[in-house]
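Peer 1: One letter stands for each residue in the lines below.
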Amino acid sequence: MCDGPFPIREGPVSATETMSTSNNPSTAGPSSSSSNGVPLLALRGVTKRFGPVQALTGVDFELPPAQVTALTGDNGAGKSVTIKTIAGLWPPDEGQLVWEGQPVSFHGPRDSEAAGITTIYQDLALCENLDIVQNMFLGHEELRRGLLDEGSMELTAKKTLADLSVTTIRSIRQPVASLSGGQRQSVSVAKAVMSHAKLVILDEPTAALGVAQTRMVLSLIKRLSSQGVAVMVVSHNLNDVFEVADRIVVLYLGRMVAQGPASEFDAAMVVDYMTTGRSSRTSPTAPADPAAPREG
Amino acid sequence: MADEWSSGGEVPSGLEEPPLSTEEEEDATAAPETAVDLAAVAPEVLANSLGEYLQAWRRRIRSGESGALPIVVGLIVIIIFFQVERSRFDSAINLVDLLQQAAVYILLGAAELFALVLSEIDLSVGIMLAVGGWVIAELINSPVNFPWWLAIICGVGVTAAIGYLQGILITRLHVPSFVVTLAFLLLLQGVVLELAAIDKQAVGGVISVSPSSVIFKLVNSNIKPGISWIVLVVVLALFAALSLSRAARRRAQGLSAPPLSITLLTIAVTAIGGILVVYICNLNRGILTPLKGVPWVVPFVGVVLVGYSVLLGRTRLGRYMYAIGGNPEAARRAGINVQGVRRIAFLLAALTAGLAGLVYVSFLGSISTDVDGGTYTLYAVAAAVIGGASLFGGRGKPIHALLGGLVIAIVFNGLALMGISAAGQDIATGIVLLVAATVDALVRRRGAAGAVV
Numbered sequence: 020m021c022d023g024p025f026p027i028r029e030g031p032v033s034a035t036e037t038m039s040t041s042n043n044p045s046t047a048g049p050s051s052s053s054s055n056g057v058p059l060l061a062l063r064g065v066t067k068r069f070g071p072v073q074a075l076t077g078v079d080f081e082l083p084p085a086q087v088t089a090l091t092g093d094n095g096a097g098k099s100v101t102i103k104t105i106a107g108l109w110p111p112d113e114g115q116l117v118w119e120g121q122p123v124s125f126h127g128p129r130d131s132e133a134a135g136i137t138t139i140y141q142d143l144a145l146c147e148n149l150d151i152v153q154n155m156f157l158g159h160e161e162l163r164r165g166l167l168d169e170g171s172m173e174l175t176a177k178k179t180l181a182d183l184s185v186t187t188i189r190s191i192r193q194p195v196a197s198l199s200g201g202q203r204q205s206v207s208v209a210k211a212v213m214s215h216a217k218l219v220i221l222d223e224p225t226a227a228l229g230v231a232q233t234r235m236v237l238s239l240i241k242r243l244s245s246q247g248v249a250v251m252v253v254s255h256n257l258n259d260v261f262e263v264a265d266r267i268v269v270l271y272l273g274r275m276v277a278q279g280p281a282s283e284f285d286a287a288m289v290v291d292y293m294t295t296g297r298s299s300r301t302s303p304t305a306p307a308d309p310a311a312p313r314e315g
Numbered sequence: 074m075a076d077e078w079s080s081g082g083e084v085p086s087g088l089e090e091p092p093l094s095t096e097e098e099e100d101a102t103a104a105p106e107t108a109v110d111l112a113a114v115a116p117e118v119l120a121n122s123l124g125e126y127l128q129a130w131r132r133r134i135r136s137g138e139s140g141a142l143p144i145v146v147g148l149i150v151i152i153i154f155f156q157v158e159r160s161r162f163d164s165a166i167n168l169v170d171l172l173q174q175a176a177v178y179i180l181l182g183a184a185e186l187f188a189l190v191l192s193e194i195d196l197s198v199g200i201m202l203a204v205g206g207w208v209i210a211e212l213i214n215s216p217v218n219f220p221w222w223l224a225i226i227c228g229v230g231v232t233a234a235i236g237y238l239q240g241i242l243i244t245r246l247h248v249p250s251f252v253v254t255l256a257f258l259l260l261l262q263g264v265v266l267e268l269a270a271i272d273k274q275a276v277g278g279v280i281s282v283s284p285s286s287v288i289f290k291l292v293n294s295n296i297k298p299g300i301s302w303i304v305l306v307v308v309l310a311l312f313a314a315l316s317l318s319r320a321a322r323r324r325a326q327g328l329s330a331p332p333l334s335i336t337l338l339t340i341a342v343t344a345i346g347g348i349l350v351v352y353i354c355n356l357n358r359g360i361l362t363p364l365k366g367v368p369w370v371v372p373f374v375g376v377v378l379v380g381y382s383v384l385l386g387r388t389r390l391g392r393y394m395y396a397i398g399g400n401p402e403a404a405r406r407a408g409i410n411v412q413g414v415r416r417i418a419f420l421l422a423a424l425t426a427g428l429a430g431l432v433y434v435s436f437l438g439s440i441s442t443d444v445d446g447g448t449y450t451l452y453a454v455a456a457a458v459i460g461g462a463s464l465f466g467g468r469g470k471p472i473h474a475l476l477g478g479l480v481i482a483i484v485f486n487g488l489a490l491m492g493i494s495a496a497g498q499d500i501a502t503g504i505v506l507l508v509a510a511t512v513d514a515l516v517r518r519r520g521a522a523g524a525v526v
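Protein sequences, first through last, are from chains A and B. Just so you know, our numbering puts the end of the first sequence at 315, numbered straight through with nothing missing. Just so you know, our numbering puts the end of the second sequence at 526, numbered straight through with nothing missing.
So here's chain B without its partners, still in its complex pose:
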């Protein structure tokens, strides 16, 4: 399931797109009426053939409506750079490492996305990761000894509850989200330290997870190669059938639909990406003993992102989130419970951060009081913004979190392989974020320059 997602970053037209709201449309900012008016329209709306489609797409890019293109190009450039610098970068063992590392950043980016779409900010996602991780680790160890699934439900439930509480403070008391979530970042950092001090199991502020537990295996255990191929084929077939039938239905209704060649191209690129990821993961990357297979965390993140894509793109709640991010007053007048949707968004952000905590605990096999909530929060914001979500609200999709999370993981991973220190890695990430934010700002300004009020 996740295979298409892990590789999907290289597909500019996106994967789990709601049929009518494409990436390009939501990335659009204001444009003047005449020539550029056409440019603001998603290419599939106007085009009847592949040639027209590409033309419309080029027009959009030239007018500043670049969509996910800069980040995809950036991703490819970074990969080529590390490839040239360090041949080990694309080794099977490293690519699997990369996917495992990226999982935390992707989930954090998705968490922050819920706040960013509403034009809010959530500074507590980093510490929510620690809280979720701590609760899960505490519960599966003695004396509680919960089964793994109950521990996960409790861990994620606790973060979701804290997120909802933040939402209540933000909406009922009208305290800005920046302040409320900053307060919780500090407060919970202290709570985690206190928790570790009370718990006798946490030796030196560290609590470990048994390698035999399902929680540990999420990241560190692999799907059997045969099964992963079967799952991939099923998922790709499902994706192809859905894309084709959706396009056919729209054509039958007399609505515009992307040309068949584009649909087929999207399916083909997705299939190639998925096959590549599964193939590489299924190569033997063991040093002493054979080790192969897709880590469970890949489909896990995939399911979460597909679920969020459906939530944001195909449900009323998602539509209302974008509406509030775009114009809260219009949303209020349309009868939307703006404050209620805001509370749910903070709940979802914290819940997703709790899932990131689960992956974090699984990845390291332990959690310590050293988890720096502030730093992880900033990685979360960076992942979402690098991926293409807007800090100004109303724009951003789960696929942006995927792209942004991959970029951060690749930069860290690649620089580490080159022997560059943590300091250097932070500097590089900072530069990447700056470039991404600059591209976003330039795109906006170019769009706004010709705007008709």
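In isolation and in its complexed conformation, chain A is listed as follows:
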């Protein structure tokens, strides 16, 4: 376990602080993402309003490359809005996305996909009547003499699944309708890998799964990050979060209230942050609490 200085950064708790704390170096510990170079993606003071509803307020966090980051928070904390902002569905009203060190603005899912971000929503967006290969290549079919090159696509799909150690699928020519929930997740993830995504965002990947299926998906996520892909898992299942995440980001009522390596959190702290936006507990490993919760 890490025993460095307490690296959990806490986000702004009050609205007045929002715009001034877009970057918070005073509380950023050495083991946070900025220590190993440029983060793959950084959100800087992202704010999103829907009419009178303030969905996100000055959200800052960073996603380092090749790590699993869990985005967690209670219902209504703004997790979905955050990933839809990153995916380009809802561009932020204020603030900025910084992708590989460059400020970017995505004006639709196509933009974010072109940059290398794949978002897998809970509905997975698979065609049940098509088989696995057909789903994995949907929209990107390979052609040979103007006709679909099934052989080549099947080989690529097979290799991608094998690289991810997806072994429970008996035949990649079976329709997705015949797959279990976990297998469907695997197909979606493999599809993202095949599109050379640098960041894969998974929205509640284990929400509808049983124990064995959950285990399978979690190990798939770990393998994905070991292949050098950054993964952001949106979940409020703390068991899953602690099993898979390298870093944890907690949202509370549209604000980022804490982020840091997973080793610096324990479940009780995350629950505190999720439910109240602050935590008076200390990290299980941190000797002191230099970044004590600040009142607004």
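It is worth saying that the hints were derived from the structure and are not from the lab. Please note that a few of the clues may not be correct.
To be verified - Partial pick of chain B residues on the chain A-facing surface, computed with a CB cut under 10 Å: (1) Glu125; (2) Arg323; (3) Tyr393.
Beta carbons are placed, not taken as given, at the ideal position from N, Cα and C, and that holds for glycine.
Using the hints, position chain B against chain A.
Peer 2: Positioned in the frame of chain A, the structure of chain B alone reads:
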């Protein structure tokens, strides 16, 4: 070319199958993970030998993934029934009649298929048949006197344009296809009546086609027996070579391929079917003067169906149609121009209905204002659904239109030979449709019962 198709209905494993997307796969609905998981897989994916293949196939059928089997069994039962009832049913003259009658239903079924695959419905295909027929008949007669090919292009072009217009209304204004195509059914019925009233050539609302024109000869003239045999041999050789080389290529790439015995069996059954059809057509069926040969319409329908099989099974457009029928949201997120594909589907449906109109005019040698667009639309839906296309979208192939069209034609033909009235024929067709739809629903429910969400 068409011979393999006309007989291909009895080949359960299908004919012009894309190598990797077989009938069985697309017919699959949800199945539970464990034992039934295997059942949902197309047999050729798992099997290495003939025995394993048959085992896998049996497992699929038991789990409700019956594919084209019920319709093939139904077809055989109907044929045996009429055979026992009426020995004239399988006479050469009647079988050729049957193929000629079935051509219109098969093409209509193929037209409706494009809408059904996308989970839409096209109620205008019946009236498109009339429009296509009318345009062609008007253009080859005076005063226009177009050559036959130009008349066909214009006739089919007009229906395709109307189909595209419907597609625009459906996709741009977001009016349901049911309503738009129903409106066009009514509207065009009136236009056809008006057209007949204006045209002095159309005596009593009927316009005829000269028996000497190519259009008339499409259905009513035959290929010389010698040539039909040569064509059959060439087509079968091509089919065999393609099937074998495709399987060999897949094996060389390290992909699963059906066992050699299955490929050979498919080729053999296709060959037997093709030879039977050509043989029967080449028997002398004339009463006073000798009459033999395969009607031109048989290869015509065959070429259209093979073309559509390639389009739906082997091209991006076809893949996108199935994807949209399965999950339009997934298709949209995959970057597919969903609305554009929808428009093309309605264009293709109307275009195919125009081809059905061509065959209709040729078959009767005339077209009248009495063509009941509504009834033909319903036959189109019936042909596609009886054949195995799903009303819920994402499932159905041209071969299903072939099977369904043959069933409808056989029921009409057989009952007519038994001296049963038109009313009785409609009742029988209705029952067949009900049975087919029930089988479809049962298959779905059985599959869904064990589904894992």
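Peer 1: In ascending order, which of the hints set out earlier in this document are inconsistent with the structure?
Peer 2: Structure breaks hint 1 only.
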